[in-house]
Amino acid sequence: MNLLHLEQLSIAYGPIKALHAINLEVHEGEIISLLGANGAGKSTTLRAISRLIPVLSGKINYKGKNLLEYQPHTVVAQGIAHVPEGRGIFPGLTVLQNLQLAGWTVKHKKQLKLNYESVFNLFPRLAERIAQSAGTLSGGEQQMLAVARALMTNCRLMLLDEPSMGLSPLLVKEVFRVLREINKRGTTILLVEQNANMALKIAHRGYVLENGRIVLCGSASELMQDHRIIDAYLGAAKK
Amino acid sequence: MIYTIIQQMFNAIQLGAVYALIALGYTMVYGILRMINFAHGDIFMCGAFIGFLLATKIGLPLWLMLPMAMCLTALLGVIIERIAYRRLRTAQKMSLVITALGVGIFLENFVMLMVGPATKQLPQQLPGSIVQWFFKYNITVTWDRIWIIIISLVLMAVLWLFVNRTLMGTAMRAVADNKDIVPLMGININQVIAVTFAVGSALAAAGGIFYGQSYSIDPYMGIDLGWKAFIAAVIGGIGSIEGAVLGAFLLSGVEIFTVAYLSSNLKNGISFGLLIILLLIRPNGIMGKPILKKV
Ligand SMILES: Nc1ncnc2c1ncn2[C@@H]1O[C@H](COP(=O)(O)OP(=O)(O)OP(=O)(O)O)[C@@H](O)[C@H]1O
Ligand SMILES: [Mg+2]
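Quick mapping for you: the protein sequence lines, in order, are chains L and R.
Numbered per the working numbering, the first sequence spans residues 557 to 795.
Numbered per the working numbering, the second sequence spans residues 1084 to 1378.
Do not rely on the hints blindly, as some may be mistaken.
Under the rule of at most 30 angstroms between Cα atoms (straight-line distance), these lysine-lysine pairs were calculated in the BS3-like manner [to be verified]:
1. R:Lys-1372 / R:Lys-1350
2. L:Lys-757 / L:Lys-740
3. L:Lys-729 / L:Lys-757
4. R:Lys-1262 / R:Lys-1350
5. L:Lys-615 / L:Lys-666
6. R:Lys-1262 / L:Lys-573
7. R:Lys-1176 / L:Lys-665
8. R:Lys-1350 / L:Lys-666
9. L:Lys-615 / L:Lys-740
10. L:Lys-615 / R:Lys-1350
11. R:Lys-1176 / L:Lys-573
12. R:Lys-1372 / L:Lys-621
13. L:Lys-669 / L:Lys-729
14. L:Lys-619 / R:Lys-1176
15. L:Lys-669 / R:Lys-1262
16. R:Lys-1203 / R:Lys-1350
17. R:Lys-1176 / L:Lys-663
I should point out that these hints are in silico values taken from the structure, not numbers from a laboratory.
All values derive from a computational prediction rather than experimental measurement.
Start from the sequences and build out the full structure, keeping to the hints where you can.
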């Protein structure tokens, strides 16, 4: 089933166009990787879905609803969580307070309790550091917290912006393992990555952005075989 | 000797409580918007006049007048933010500062038009009798002052609990911490900012009414007291709630003791001197954390 659908979506920052009429579909239950070099427009795409930036033209449909009528905070209540580039935790608040805020839109106490349980089950390290101020967590722990916060919102669709950024290879593996687990538990994932190798390994399908245009899309296995992908993104990793 | 010091300390605590109630509004708004709300002193003045009107025209007793005036002033603060500041939130900080100054002048003139320039007296609604226990030691403390100090401290404690122990308070600190991320938590940032203005204005109203219990009020009272409270907030470390309270009592202490033991002419010179020296030693105030973005 079609959960999210971007149709002919164009975005501009002032006079500079960042996205040129892109089309992208995310089906329920999938992991979709959105790949591309620096400045390709990956973060822009996620920001548009979260309604953080205005749309020049085109449509964003989610569960049959027109997302353009929503605001950033009401998008969350619709079940979309955005883990932004650079994690975006609240460094001055404790781990618990970060999680509490993410549960803002969850009104039922029971549901909230379930969310905490699944978060602490997935991230036992966070459970141990509940009273620690988030700014003093290690980079890996901060990334875990950012993902944990997304889970607290009770999301159906999780948008992740380069969760592997700045992490050691071991931690990157751990993050991707957790994402796969989250997906298995029923959350659809749209994953922005420069680490194409890892991203395609866990994804069902992928899209490649170049200068604001989708230049390639297909199943993850197809993309991994595509010589353009291998040359541009996997070359170094395959060697 | 020790008794006169205690006497002066009472005066300092009473004045400090008023400074603190105003300073909290400056510091809270600064914390979340990185903006000095220069209209805040005039919101304090409006709070005093709203209390005055409720007490004289409707005849409300203090225990009704105080919460009602706080609510109405909170509403005033929210309306000011909605009409004058919200559209400028992404504009240059300077536009916001000029707008705030303009709002302040508007409030002064508006109140002047409504009630006239003459000073007014809030009716004495608290028992003005002398506390006998202190009088034995030649310390003149009236019950109304004791009540004012107690209610002020209770209000500050409630504010502290609100900011540190409720989800809305956590959201306010989150806006101060990393504003751009707050909407991604499903939190309406406008709502958080409105609550901040409401709380800050309500506290200023309480400060205005307490001030009016001991001094006369006039449409320009907010200028002098607003500056003093602003200094208190800066001394304490603007953005910090504990700092604002600390700065307020420090400043009032310095002022009262300067007047008592040196000269009342030196009052402002010494308090501003204190500000300058303190900021040279601790540029971010006593409790302030260094922040990268400045006005
Ligand atoms: N706030 C902004 N104002 C102006 N231009 C912007 C803004 N944000 C992004 N851009 C431009 O839009 C284009 C796409 O940026 P975007 O952040 O989406 O890239 P990205 O694919 O996420 O890159 P990276 O991998 O480096 O994060 C870039 O050319 C960038 O310079
Ligand atoms: Mg990016």
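Checklist entry - Can the restraint linking Lys-1372 of chain R and Lys-1350 of chain R be considered satisfied, given a maximum Cα separation of 30 angstroms? => result holds, 29 angstroms
Checklist entry - Between Lys-757 of chain L and Lys-740 of chain L, is the straight-line Cα distance small enough, at 30 angstroms or below? => result Between Lys-757 of chain L and Lys-740 of chain L the Cα gap is close to 15 angstroms, so the pair holds against 30 angstroms.
Next on the checklist: Need the status of pair Lys-1372 of chain R, Lys-621 of chain L: alpha-carbon distance at most 30 angstroms?
Outcome noted: Violated. Lys-1372 of chain R to Lys-621 of chain L sits at ~44 angstroms, over the 30 angstroms cutoff.
Checklist entry - Does the structure keep Lys-1262 of chain R and Lys-1350 of chain R at a Cα separation of 30 angstroms or less? => result With a Cα-Cα distance of about 39 angstroms, the restraint between Lys-1262 of chain R and Lys-1350 of chain R is violated, given a limit of 30 angstroms.
Checklist entry - Are the Cα positions of Lys-729 of chain L and Lys-757 of chain L separated by 30 angstroms at most? => result Judged against 30 angstroms, a Cα distance of about 11 angstroms means the pair holds.
Item to check | Given hint Lys-666 of chain L paired with Lys-615 of chain L - CA-CA distance at most 30 angstroms | outcome: It is violated: about 35 angstroms lies between the C-alpha atoms, which goes past 30 angstroms.
Item to check | Straight-line alpha-carbon gap Lys-1176 of chain R to Lys-573 of chain L, limit 30 angstroms | outcome: holds, 28 angstroms
Checklist entry - Taking only the CA atoms, is the gap from Lys-615 of chain L to Lys-1350 of chain R under or equal to 30 angstroms? => result Violated: Lys-615 of chain L and Lys-1350 of chain R sit about 64 angstroms apart, past 30 angstroms.
Checklist entry - Is the straight-line distance between the alpha-carbon of Lys-1176 of chain R and that of Lys-665 of chain L 30 angstroms or less? => result violated, 41 angstroms
Item to check | Pair hint Lys-1203 of chain R and Lys-1350 of chain R, alpha-carbon separation not exceeding 30 angstroms | outcome: holds, 25 angstroms
Checklist entry - Given the hinted pair Lys-615 of chain L and Lys-740 of chain L, is their alpha-carbon gap at most 30 angstroms? => result Holds: Lys-615 of chain L and Lys-740 of chain L sit about 29 angstroms apart, inside 30 angstroms.
Item to check | Hint consistency between Lys-1350 of chain R and Lys-666 of chain L [alpha-carbon to alpha-carbon, up to 30 angstroms] | outcome: violated, 58 angstroms
The structure does not agree with the numbered hints 4, 5, 7, 8, 10, 12, 14 and 17 stated previously, though it agrees with the rest.
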